[in-house]
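Visitor: Sequence:
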Amino acid sequence: MFPEYDIIVVGAGHAGCEAAAAAAKMGSKVLLATMNMNTIAQMSCNPAMGGVAKGQIVREVDALGGMSGIITDQTMIQFRMLNKSKGPAMWSPRAQSDRMRFAEAWRLTLEQTDNVDFWQEMVTGIEVKDGKAVGVRTSLGITIRSKAVVLTNGTFLNGIIHIGEKQMGGGRSAEKSAKGLTEQLIELGFEAGRMKTGTPPRVDGRSLDYSKMEEQFGDENPSKFSYTDTTPLAQQRSCYITYTNSEVHEILKTGFEKSPMFQGRIQGLGPRYCPSIEDKINRFADRDRHQIFVEPEGWSTVEVYVNGFSSSLPENVQLKALRKIVGFENAKMFRPGYAIEYDFFPPTQLNLTLETKLVQNLYFAGQINGTTGYEEAACQGLMAGINAHNKINDKVPFVLKRSEAYIGVLIDDLVNKGTDEPYRMFTSRAEHRILLRQDNADIRLTKLGYELGLADESRKKAVDKKIEETAEIIAYLNNKPVEPGDINSMLESMNSAPIVEKQRAGQLIKRPNIEIKHISAAIPAVAEYLSKFKVDSVEQAEIAVKYESYIVKEHAMADKMSELENYNIKERIDYRNIPALSAEAREKLLRVQPETIGQASRISGVSPADISVLMVYLGK
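When we follow the numbering used here, the leftmost residue of the sequence shown carries the number 1, and every step to the right adds one.
Among the hints, erroneous ones may be present.
[Stated by the list, open to error] Mimicking DSS-like on lysine-lysine, the simulated pairs with C-alpha atoms at most 27 angstroms apart in a straight line are: (1) 460 with 447; (2) 532 with 480; (3) 461 with 395; (4) 447 with 553; (5) 460 with 532; (6) 29 with 132; (7) 510 with 86; (8) 332 with 258.
[Claimed, not checked] The following label-pair restraints were derived from C-beta to C-beta distances: (9) 215 with 256: 26 to 36 angstroms; (10) 468 with 527: 17 to 27 angstroms; (11) 485 with 245: 56 to 66 angstroms; (12) 497 with 104: 52 to 62 angstroms; (13) 478 with 87: 18 to 28 angstroms; (14) 167 with 130: 33 to 43 angstroms; (15) 256 with 401: 23 to 33 angstroms; (16) 287 with 86: 39 to 49 angstroms.
For the record, the hints were derived by calculation from the structure and aren't laboratory data. Please read all numbers here as calculations on a predicted model, not as lab measurements. The C-beta atom is built at its ideal place from N, Cα and C for all residues, glycine as well.
Based on the provided sequences and hints, a complete structural model is requested.
Guide: Structure follows, in structure tokens:
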């Protein structure tokens, strides 16, 4: 019935879609198996992509040749660049998406991708032969053969939905959970755990009074995610902000006795940085209000996402409390919020390629690894798809360093440190974040994507041109003389000290509150020269000039760290035989089996003294 596939991807969420698209574009014959073809790329939680650090990940996925940025650009209804008041390392793109169009665009993209086939059915097991994954088994008893398998099961593995005292099996609202895989993987020797996440109620936008809320507009000149020629937004839909209050909190407290979280019915650990509303009012009892973001789910639908009100309390308590929020007095609820518990596999059981250590040619990506978020899932799917293709074609593994991408930080954190709560990316997790900006992801990664066969020739040419233009603009700014009479009135208007003698434009741009647009406005010749170049190139040059000393210092630090990465640990070591190591280091190193000294140094519990001992042992 089925041919043998190169790669079978199990699950069609954000990780599965990117894995299937990447492997297929690189030339593998891919089967995408999902329990429901109608929920491919479903935005299970909020209808948005990007945000702080997450936006950088989407840009990186796009730069490598992934599809999430393009799909987001095609279906977004609002765009905002967050943290513009801070330095460029913190600038983070975020888009509000049309939920239905996003899923539709992903499905149609996959259907139009050569080498991708589909099968709608539950996968209940992995076929393993001689320590390698060689296919899958389905609930109908069908065996489908392949050279590699990528598991991207999301929240479906033995998923349980909680609403008050009610429990039901499910991987998402109105969808059944997946059975069989966890049990088999445990039999194979994998360690499993439980996590939880939650989602807020959805309400009828026609029943809300937006005049009582604060309107949140998109950017005046909206940007986009993809470095390709996707079309920027011409019009946008607003979001709104309102707040809970003490009356809302008191009503929610009446449901605590039936809360699955407080009564111990939920065993899994939830996301620290995205707590439920009941958790918020319990943990932050001194606060009399919490912010609520009112987010439309699309261009035409009246369904609204109540961001900030995630809850697993009884549905009647949720509705009663909602109606005490300003603007929600007459709210009609489409469906209540709920918590969901699901199985995950601690990611210390993976190599940096996302291949499992116990079973060759078996890859895990997304929430199965303990992460949370569409963006975190998408980048893991992309990397798993790339590496599965490379492995079965005897090509070198593709691993990004921490200094190369947020994707590298995320995977390195997961594999070396593990996670005991849903892992979410933050800018603070990246020690080289001044290098890993959203504006330069194409410069960092598109050449790599091109070499992999993911990014096409046009992308490479666009990046080469951007690099050339940026260098030309930097040279111009660092050599362009500026006379006091041309610039002092502008400097004084900006409360910046006037100059007494001629200076280079680049020196002025290094001032904290002076930007290239101010100099262009004051000196028409500068404006005329810069008008020849793309906005992205001008922005790139400005950042390079203004933050030159910081960038140089960061590169030097990254180069120093990379020296440790070059010390390969080629053989498998029984760290129990190195008594000079601390007991914790022996245990952690034995479990992770790091590939380099650099990787060993980032394992939680391995001290600098342990690294010194290890380097002596290895003769380094």
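Visitor: Take the C-beta atom of residue 497 and the C-beta atom of residue 104, compute their distance, and say whether it sits inside 52 to 62 angstroms.
Guide: Holds, at about 56 angstroms.
Visitor: Check the hint pairing residue 460 with residue 532 against an upper bound of 27 angstroms on the C-alpha distance.
Guide: Status holds; Cα separation ~21 angstroms.
Visitor: What's the verdict on residue 510 and residue 86, does the C-alpha distance respect the 27 angstroms limit or exceed it?
Guide: holds (15 angstroms)
Visitor: Check the hint pairing residue 532 with residue 480 against an upper bound of 27 angstroms on the C-alpha distance.
Guide: holds (16 angstroms)
Visitor: With respect to the beta-carbon atoms only, verify the hint that residue 167 and residue 130 lie 33 to 43 angstroms apart.
Guide: Check passed, 41 angstroms falls within 33 to 43 angstroms.
Visitor: Starting from residue 332, check that the Cα of residue 258 is at most 27 angstroms away, please.
Guide: OK: residue 332 and residue 258 at ~23 angstroms, within 27 angstroms.
Visitor: Does the Cβ-Cβ separation between residue 478 and residue 87 fall within 18 to 28 angstroms?
Guide: holds (21 angstroms)
Visitor: Starting from residue 461, check that the Cα of residue 395 is at most 27 angstroms away, please.
Guide: Holds: residue 461 and residue 395 sit about 25 angstroms apart, inside 27 angstroms.
Visitor: Could one say that the CB atoms of residue 485 and residue 245 fall in the range 56 to 66 angstroms?
Guide: 58 angstroms Cβ-Cβ, so the 56 to 66 angstroms window holds.
Visitor: Assess, step by step, whether the Cα of residue 29 is no farther than 27 angstroms from the Cα of residue 132, and give holds or violated.
Guide: Roughly 18 angstroms separates the two Cα atoms, so the pair holds.
Visitor: Starting from the range 23 to 33 angstroms, see whether the pair residue 256 and residue 401 falls in it by beta-carbon distance.
Guide: violated (46 angstroms)
Visitor: Regarding residue 215 and residue 256, is the given constraint of 26 to 36 angstroms on their beta-carbon distance met?
Guide: holds (34 angstroms)
In terms of the numbered hints stated before, the structure departs from hints 15 and 16, listed from lowest to highest.
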